[in-house]
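Student: Chains as they are written, first to last, in the numbering used here: chain A, 593 to 991; chain B, -6 to 391.
Simulated from the structure, these hints should not be mistaken for lab results. Backbone N, C-alpha and C define an ideal beta-carbon position, used for all residues, glycine too. Please note that the accuracy of each hint is not assured.
[To be verified] With a straight-line cut-off of 30 Å between C-alpha atoms, the simulated BS3-like cross-links for lysine-lysine are: (1) A:Lys902 <-> B:Lys204; (2) B:Lys204 <-> B:Lys165; (3) B:Lys242 <-> A:Lys787; (4) B:Lys204 <-> A:Lys659; (5) A:Lys902 <-> A:Lys787; (6) B:Lys165 <-> B:Lys151; (7) B:Lys165 <-> A:Lys752; (8) A:Lys787 <-> A:Lys659; (9) B:Lys151 <-> A:Lys659; (10) B:Lys183 <-> B:Lys242; (11) A:Lys766 <-> B:Lys242; (12) B:Lys204 <-> A:Lys787; (13) B:Lys183 <-> A:Lys752; (14) B:Lys242 <-> A:Lys659; (15) A:Lys981 <-> A:Lys600; (16) B:Lys74 <-> A:Lys659; (17) B:Lys183 <-> B:Lys204.
[As the list claims (entries may be wrong)] Derived CB-CB ranges, DEER-like: (18) B:Ser267 <-> A:Leu900: 21 to 27 Å; (19) A:Thr954 <-> B:Ser222: 54 to 60 Å; (20) B:Ala332 <-> A:Lys981: 52 to 58 Å.
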Amino acid sequence: MTPMSLLKYSLASLSGNRLRTGLSLVGVMIGVAAVLVLTALGEGARRYVTDQFSSLGTNLLVVLPGKTETSGLVGFGGIPNDLTLLDAQAVARGTRAAERVAPLSMGTEEIEYRARRRQVAIIGTTAEYQPARQLVVEKGEFLPAGDWTRGSPVVVLGQKAAAELFGAESPVGKVIRVGEWRIRVIGVLARQGVKMGLDFDDIAIIPVATGMQMFNRSSLFRILVQTYAHADLEEAKKTVRSILTERHEEEDITVITQDAVLATFSSILRVLTLALAAIAAVSLSVAGIGIMNVMLVSVSERTREIGLLKALGVARGQILAVFLAEAGLISTIGGLLGLSLGWALVQILLQVFPALPARSPTWAVVAAFVTSVAVGLVFGILPARRATKLDPIEALSRR
Amino acid sequence: MTELIVLAFQAVVAHRLRTFLSMIGIAIGVTSVVLLTSIGEGTRLYIVNQFSQFGTNLLAIAPGKAETLGIPGALGGTTHKLTIDDAEAIAKLPRVEATMPICFGTARVEAGNRGRSVFVYGVTPSAPIIWQWGVRVGSYWPSSDPRRRASMAVLGPKLKNELFDDQNPLGKFVRIGGTRFRVVGLMEPKGQLLGFDLDDSAYIPVASALKIFNTDEVNEIDVLFSHSSMVDTVIADIRSLLTERHRGKEDFTITSQAAMLDVFGNVMQVITASVSAIAAISLLVGAIGILTMMWISVGERTHEIGLIRSLGATRRQVQWLFLTEAAIISTLGGLAGLAFGLAVCALLRQAIPGLPIQTPTVYAVAAVVFSLATGIISGVAPANRAAALEPVTALRAE
């Protein structure tokens, strides 16, 4: 038998029992579609997080005050040695690989214009923060460059904070109250969205020295260091650490690269996606058992036909091939249908949640399809072998 | 009724292999549901225990209002401070049993030539009562004004091991952030809480911590209150008192232990439910398998159906016969899956003792009931087909 005629023969017998073939197809289809949709969700989440990180700027080192040898959590609570503006200036001077350095102080405070009030996050920083975090100014300008230690009463508002306070009025040039301070608005940011849990549209950015005075802090919250190239990160990390260790006479700071954080998140989400795909793939094995069952019935129904084939001298291998081809066809067609169903469901998902870049990764598509085909072949072996073992005389004599 | 079940059983037994396979389909689905819900529920209970070990009649007050930043106070400064005075004022409220101002941060703890960077907590001698967490050796410094510094420290067991090995540390001196402290006590082992290793920490008087960290505000005030049913009243009292003390501004956040537990519990339940739903896809596929096999079975037994119909069985009885058969297959499959799932859970618990696994009874029962329902639903179409057969035509069929 040529492969072509084998295929025709199997197709003919499958279409002879449309309902049961259809039901077996549906089983495989559900399994494959589930794998595709779930991996698309997982991969979407991973890409969403990755995009969030890269929108925060690239080649970034973050210096946090405090250090523990016990757990990864730092930056909470107090420290004996402050991370000061002078430290930040020393880092900016001493790190050759650094393109720019931005000191950061942070807190929450109420901002007020006429009768309207709003509690927002306040970021105290310098002009360097804008290019490092890739912020876009819509109206007016960002903080002016100059001496970090000199505070001036100016503020740049996030889109939402400005809209809530001023409505249709133009905020630039107006004076607002930030806590107990009277401060002039010099710019409004374009829409930035929520990045890593901080809503950049609901913030107020002031000069770092003003911020430290306002919050009565002698220590910075963070120092951001942006290097020229990705390759410089490790060297810059070492330099920053040695500069600050020397200044503080002990190592009491933590330096993390944004890439390291991103890599951790990314690998956690990868594992989660894989686990979800595996759980969904269990249904493929159930579908395989269904195929096996149907094929067993098919073999026992066609005992006479098999006997006839054998009596005509058809080799065992060919009979095996006939039944394996049938099982394989069911699972392959089911797999293909599952791929299209899965694709359609992902498209719907994209329509409903446009923010989530859901897309099944190629490995998942290939793996789902290959598994579905393999399932048919593996679970087809038992019934097919049963067919080959039939004794031709007995098989023919059975009604 | 018994007759019906006996008849259905005979049909099930007559096709051992295929009913067995159909059962396995359902069993796999139930097993994965049982396994995943067990892991989910176990994790939930683990987290709940982690929190409730500090007691549930506990409130935490943090500076700042958590409107824009998710974590109040954790991210740097606020203009209005929480102080030791605030803590003492709260302690005078009705139903408040004890309060404790806390100031924490990271610092290096040194003893001899060994040192370790850890979290240092500035607390008061009320800590063992408020956190329900005792001292194993020695004691806290004597109770006195929380505004007074004292050069005495209590160490967590892990920190003690890192600095002193097996030696008795009581009476020895450690340097914390450049200041000398005499070790007066050792805490009981407590383990981790949300990534903070409480055993690898040092505990010193709050006033000394304020000095070391060069600040005059506390990071948190913990409040122990009586009558857990009065939690809302207590929160309202504290809120109005603090707002008044802070010149009419609500610039702090009160979190009750119970509310936090609720949120965590709910999140975990949603996760468990959705993962089980994904596992239940296997049940759906298994149901389709039963439907297929029952359909084939009706076709094969047309002759038999004709016979029992002509012997006086009603359509309804034939319908019930096939429904019962489908239900038996799926229920047995479900029970087998449950047994297998529980066995795997027991094995896992043996193999990895730390793994939190707890099978929720509700889910276990639900899985079996669900598999029974699955069988009945997938049996409906074949049963109707059988019932619709005309006895005469059916008898003629081979």
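Student: With reference to the structure, classify each hint as holding or not holding.
Tutor: Each hint tested on the structure:
| no. | hint | result |
| --- | --- | --- |
| 1 | A:Lys902 <-> B:Lys204 | 95 Å, violated |
| 2 | B:Lys204 <-> B:Lys165 | 22 Å, holds |
| 3 | B:Lys242 <-> A:Lys787 | 29 Å, holds |
| 4 | B:Lys204 <-> A:Lys659 | 19 Å, holds |
| 5 | A:Lys902 <-> A:Lys787 | 70 Å, violated |
| 6 | B:Lys165 <-> B:Lys151 | 16 Å, holds |
| 7 | B:Lys165 <-> A:Lys752 | 56 Å, violated |
| 8 | A:Lys787 <-> A:Lys659 | 25 Å, holds |
| 9 | B:Lys151 <-> A:Lys659 | 17 Å, holds |
| 10 | B:Lys183 <-> B:Lys242 | 37 Å, violated |
| 11 | A:Lys766 <-> B:Lys242 | 25 Å, holds |
| 12 | B:Lys204 <-> A:Lys787 | 35 Å, violated |
| 13 | B:Lys183 <-> A:Lys752 | 44 Å, violated |
| 14 | B:Lys242 <-> A:Lys659 | 34 Å, violated |
| 15 | A:Lys981 <-> A:Lys600 | 24 Å, holds |
| 16 | B:Lys74 <-> A:Lys659 | 25 Å, holds |
| 17 | B:Lys183 <-> B:Lys204 | 27 Å, holds |
| 18 | B:Ser267 <-> A:Leu900: 21 to 27 Å | 53 Å, violated |
| 19 | A:Thr954 <-> B:Ser222: 54 to 60 Å | 57 Å, holds |
| 20 | B:Ala332 <-> A:Lys981: 52 to 58 Å | 33 Å, violated |
Violated hints, in rising order: 1, 5, 7, 10, 12, 13, 14, 18, 20; the structure is consistent with all others.
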